[in-house]
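Listed here are the chains, written in short residue letters.
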Amino acid sequence: MSKHVVLVEDETNIAEAIRFLLGREGWRVQTLANGATAVEVIRKAVPDLVMLDVMLPGKSGFEILKELRADTAFADLPILMLTARGQSRDRDIAQDAGVSRFMTKPFSNEEMLSAVRDLTASGTADA
Amino acid sequence: MVSLNQLIAVCLLYVIGLFAVAFAAERAAVRGHGNWLLRSPLVYTLSLSIYCTAWTFYGAVGYAARSGLEFVTIYLGPSIVMIGWWWILRRLVRIGRSHRVTSVADLISSRYGKSNLLAILVTTMAVIGVTPYIALQLQSVTLSLSIFASAENGVVPGADPINSAQAAFWVAVGLTLFTVLFGTRNLNVNERHHGVVIAIAVEAVVKLLALLAVGIFVVWGLAGGIDEALAQIDRSALGHWQVEGGRWVALTLLAAAAFICLPRMFQVLVVENDDERHLQIASWAFPLYLMLMSLFVVPIAVVGLDLLPEGSNPDLFVLSLPLSQGQSNLAMFAFLGGFSSATSMVIVATLALSTMVSNHIVMPIWLAYGQNTVQQSGDVRHVVILSRRLSILLIISLGYFYYRLSGGGGALAAIGTISFGGVAQFLPALLGGIFWRGATRIGAVTGLCVGFALWIFTMLLPSFGPGAALSAATFEQGLFGIAWLRPEALFGVRGLDPTVHAVIWSLSLNTLSFILASLFSFPSPVERLQGAQFVNIFDHSSPARGWTASVAASEDLMIMAQRILGAPEAQAFFRAQARLQEKSEGLPEPTPRFVQALERELAASVGAATAHAMVAQLVGGASVSVQDLLAVADESAQMLEYSSQLEIKSRALTDTAAKLRRANEKLTHLSHQKDSFLSQISHELRTPMTSIRSFSEILRDAKGLNPEEKTRYASIIHSETIRLTRLLDDLLDLSVLENGEVTLNRQSGTLQELLDRAITTAGAAATRSVVIDRDRNSENIQLETDLDRLGQVFINLITNAQKYCGADQPELKIRARLIDGCVEVDMIDNGTGIEPASRDLIFEKFSRVPGQGGEGAGLGLAICREIITRLQGTINYMPDVPGTGFRIRLPQTHSVQETKPKILMDQA
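Protein sequence lines correspond, in order, to chains A and B.
In case it helps, our numbering puts the first sequence at residues 1 to 127.
In case it helps, our numbering puts the second sequence at residues 1 to 908.
Any given hint might turn out to be false.
Unchecked claim - Going by beta-carbon spacing under 7 Å, a handful of chain B positions derived as facing chain A:
hint, residue
1, Thr687
2, Phe695
3, Glu697
The set of hints was computed from the structure by calculation and includes no laboratory data.
Being a predicted model, the structure only gives us computed values, none of them experimental.
Glycine residues also receive a C-beta, built at the ideal position from the N, C-alpha and C atoms.
Pulled out of the complex, with its shape left as it was, chain B reads as follows (with noise of 0.2 Å):
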């Protein structure tokens, strides 16, 4: 014998095992090995069984006992969806794909205009509607153990042998503990759960082969083969079941519908799905597996009912078959293959609950009053973990509430079928979201609410027995004592059977307020682009488009004004009406002042008409497709792009011209340049050949002159001709030094003893004196530079002082310093200076001062202010001194590299 301790070691080592397998399968994602096995159609197919619970491993053989092949329904609904897959689940895989759709109520609440209430009030419902199902499982796996520990202790079935309250919270923490590890150990929020699905094909894998397992052994075991089996059929009451066609459409269409809109079903057919083909292979293989799981339920309850004493639950008959024939190792088999189907469907179930939870309740209080702290990300994970962790908790009390409440006595098929009852509440909404674009909010919300509250109080209520929840006065007269909302027959409708009752009324009611308040509302904008990508979603999205699912709306309306205003306009406009909807972050929410905003904008792009039939297309619903609007945006953000170029081409072309008439203007100041500059060199020579061909004729021609006229007249022509020969040398200097022809001669030397050559030179051939003032000392500066041509900037200064300087006593105060590595020297007469006027000119070529006099050509400044530009250095006129100064700065060192030669265009 089997006893509990060792039941339960089994178990642990069970759940390790199977989160080794989980562990396994999710780093061989994380590293990308092993997809074959993770991303196979098989593990799909196999995942898909979670629709396999308890109540189909244990409950189903109850079922077939109680009631005979009505059992059938609950497989023939999800197969006739499966095998029509091509009609539905192609639809909702691909909307879930494309749309990033995390859970059941994120579908509903996307499709009608992002509503934050359906969502919470699909979430409600669905928390609602799948706790007896969980209450179920903890039945389930509590009844499994007391028969177990019923079996140790000798006791009559049928006895309490264990405290199941007891049992039952302790399955319940297990469960809660065991689903918070598995579900929410990692933190990545919104990738898919290949550890979870991994796990829930392995499980898939035992509870079928228990089941198969105990199946062989009852048929070929106890019954003594297929026709031995069939014969006690035959013979007992299972094959004279009447079938009642009423019961088997309507618990046929629950079935279909639970599987559908259950969330864990939802979760692991659409959210879960890595390849729409392998819906294709599970809509075959999915129903074989359904018919496997079934094949070996009637025999069971068969030879159960007929083995087994009056009175023991048949709902463990799979259990109690072997342990009463005193196969303790099957029976542990068959018991781990309903703990699987137990645990399996906990878990998704609760993570898929949990994540609804936590998305579309906790997480928008949580932002609604935490806006501060939303930016930090690693604080947001740590929320979104935190309530998912709490909303398990929450679920599966609820489940052991319901559990307690229920008394836990219940059939499991009967506790099964109302969770079916609640969730397909969905079902309107569901598929008038996904077939017609003319179903709206309101409609959903009006529906589902109607719906709901039908199946609480014909179902729900109902199960917890009379005197419970309900009165037995209502049961019998009536809600406030109205005969017609009695909870079993509304509207006065006798002699349906309950559960057909409650079906049809709350899924017919649901439906028809559902299409009426649709008819009767207005769609919002957002809604009617929603319903329109939804319904239309094969001819509008490719299967991986990028777009979460909660900003689907304002996104598209985003890649809309995108293609038309551009991208950092668009996010520019949608920022400031985000600041404007006092939102923080993200895109606007889709109101018609924003719309209308959106519209105006647009209409300077694409012009007014254009924008209005854009906008109004989102608004009134015209007969153009998203898909024509989009080749719209296209088509105009192509005419812009044209249009921009040409903008561009034709702002080239001035550029151009400007440039062009740049190049002209100085040009043609060049010609001006070029003009005046040989006009000045005319002057300069015809002036001194002028005298030169005058005195020579006289000399020639004159008769009398006296010797002392002759020599005077012929020294006039020599000094003229000597003028003529400096005028010469400097034009060429200056020709050399301004193409940079000029090759500088680097020598050593002291400025003072540069400055004592200068002084005199130019002294030498003055006219007049001028006193210098030196501070010799502060001249004391070594010289690393071409000394000849800095000594002839120094004379031409001195000299020009001597000329030029109109002071009575002509003074010249020389001044040198070294500032970093720079040498300055200034020379200051104590004449009357320059006027601002002609500051400018002095370095031109040819300039003379006016007023001035003297025979200069107006060479000598310019070429001082080429030397000093070949030697690194600037020569400048000093305009806060008496008298007319200069200051030299150069570097004391010349840097060995080659000045360049000056270009006269700069530009062309």
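Chain A on its own, in the form it takes in the complex (with noise of 0.2 Å):
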């Protein structure tokens, strides 16, 4: 069975780019592009991997992971933040609610990706 990963996105070129990139590693890609909805969706479809933008629509990124985090049946599902901001005090912010991996944009295929292996890849060891 395929590795799923939601990811919420309200850019549908970025959005594009990364379903592309992770489809050619096998994931399953559901995208979103409203933020008010994600953890509604995510609750339900419990990936193994949740990637977030920050600056979204309806529910910021903060928000939604300080409220996966909240809930201990999220407690450790590896999320990837991505932000255009580029701002440290973003970083803080995103790693005091729990972030898994922060990272900023525009970053290389490369590097995105061997983040989502990171990520996977200790989920599955802790599995």
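Both chains come to you apart, so use the hints to assemble them.
And the structure:
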């Protein structure tokens, strides 16, 4: 069974690029453009990985992260955050909220893929 | 021989001449010319000669003929006062000048706490006291006329050649007219009478020359030289008159007192005084004048007694001697001299009295019963002048009636002495007021009443003769049959000369009761203050202080209050107090209640203890001087000044701190804005670059991409590059607009064409079409502005509608109108509109309406607003329309002047 990732990203072009890259790695990519419904969708889907943009319509990535981490079922879920706002303050907020990995846009494809691999590998090791 | 008609003609000419002199002097005074003369000590000295009336001119000779050298006493008294000017007159003049005293009544009332009662009392007494004196002048003029008439008609001396009652009447009428014309011609109520003073000076010269001329004629023409004259005097009874010590002292004292207290003397001595130094010169010049006036009195009397028939009136020797010798011109000159003496006295005396009557009796009554018209100054002046004229009429009428009552037969000197006795009653209150701080109002009133009553009983009423005012029985057995109340032998003291008797009793009891009542009464605060000021006049006042005597007391308190409370507060307080006292204007009366309120008010500023000390001084009379009080007031004022300066500084510091705080807030806010702006820019740049980088890496690294995929990914890269470029363009555009560096390019065209172009441009780039609803007719408006920039705004708005209108069939309504040279364009779509919370933000940079997606950077509306501002217009969200609507309003013609660059920090 292929691994499942939920991608929350409102920029369609970026979402398409990630879908293409992860798709080639064998991931099943579920894309969401709106933050408002994200938590609900993720609860239902119970994915192997969540990729979160920070600036989202409806609900910000930080809020989604906090809500997920508040739920014990998702305490260990690998969450990769991508943000176009590169300030260290954002990184700190994300770390405090319990992010698994924080990446600044633009990223190199290889870098992103290796991060995904790292996160899921450790996840499988635990499982 | 001089006929009566000639005489009257000469008199009229003389009067007209006097008028001319007075008029010229007043004109000169107004223009400021001739001050060397008008304000010279010579004129001042000559004006003092008002003391020498017809009594002196005619009466002195009569006096000498009757009583020998005793006539000298009436010259001696004033001479002593003048020579001793340093003690009394200097003080009086200083007080009069610094308190702007208008009369002797004003001075006394002002000293005793501005007492209206005292003013009325003194005025009434002065009028009654001076009445015999005026009668004396009438009598002398009438007598002199009758001498001429008898000489003309050849009637035996002693018989009545003319109807003297009638003559006196016409003389009185003439004098009234003369005085009214002279003294109340101009309306300057408070000014000095330069014209009158100069006229008096001229008259002084005339009467002196006339008397000297007669004297010279008598000594050298009749007696045959000085030696002969002296020999003749030695031979006459006059040389052997016994000098009665008691009478001499009493009469000298009386004359000295009268010299100070007579209203007319007070007028010329104090009120008309221009310079205190004049007093110094007059102190020797005036006695000299008196000496010259008395020089030939004895020779004339002796020669007259010798040459003229038995029974001739010695009071008229000055006239009858030259007449009997056929020297009609000399007689005429002598007549003019006597006329001068009489007229000048009547003019000044009635002027002074009428001022007192109108100021202290008529005006208070008029003001009390006619409050509503007080504000109209013209009205008051009119009333003042009228009341003065009526007072003049009244005073001269009284004189006339006295003349008629007394029978017109008394010796001139005897009548004069009665007047002297009356006004001398002011002396204790006057001198006590300026030398003794313990003198009180009650004391003054008591003394004046006692003295005046005694004067009336012992001098005035007996002067009408037994059976006239007082019955013969009263003379014999005393009032109500009480023996010790006989008018000429009070308390059973007999054997005294009636005059000495009256003077001694009235003045001594006056003084005694004044002192006793003063000691046993308590002065009001104002009396205390005024008393201190009058007694210590040389410590407290400069010669010309701008005070009005009528409100001096309250003025004083006011000055003190102003120094402590500050002028506006003090004035407001005094006004409020005046209202409480139901006074429609002016300062409040210094009632105890007011003083207490003042103390409370002062306590708020200087502390209760100091305020109490100050008021205690006014009320209780500690040894602190008014000067000390003023010094305390000054110190307090300074401290208040410092403290208020400190307050101002601390307020300034607080202001500065607040400004700095605001500036800091602003800077912090700006710093946040900058951070968020950078963060936004970063986001807007990184987002397209993420796609570009990702897809370019895919294109580079991924194997086995089909051609469609390659093309698709390349076109994504392409569109994202365009997006980046557009973003950079917008940012640069906005930066240029915000910094005001944009150059506007004024073009002309119609709104219609401009909208056509904008719709075409926007439509070409549109992803979905919007139905545009226009009213082309209304768009036919000629514009003179930067059309490219305005077009950019339209394109932005149309594009926004295309992108964000939420309706299924998007529609954009465009309406235009021209109002007062302003073009108004509304663009309203049929979407859902913008949430009220977001409406304020839409024009900010990078603001995007939540929930509406889209790839814009959120700079469009910010740019629109900047452009419209540059075009001197406004762009606003229309809250009241369905859907999203914007209203642009800008002037049809862009004015040339360059708009200022936007300043980020409005206030530093």
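Against the structure, the hints:
{"no.": "1", "hint": "Thr687", "in the structure": "holds, 5 Å"}
{"no.": "2", "hint": "Phe695", "in the structure": "holds, 6 Å"}
{"no.": "3", "hint": "Glu697", "in the structure": "holds, 5 Å"}
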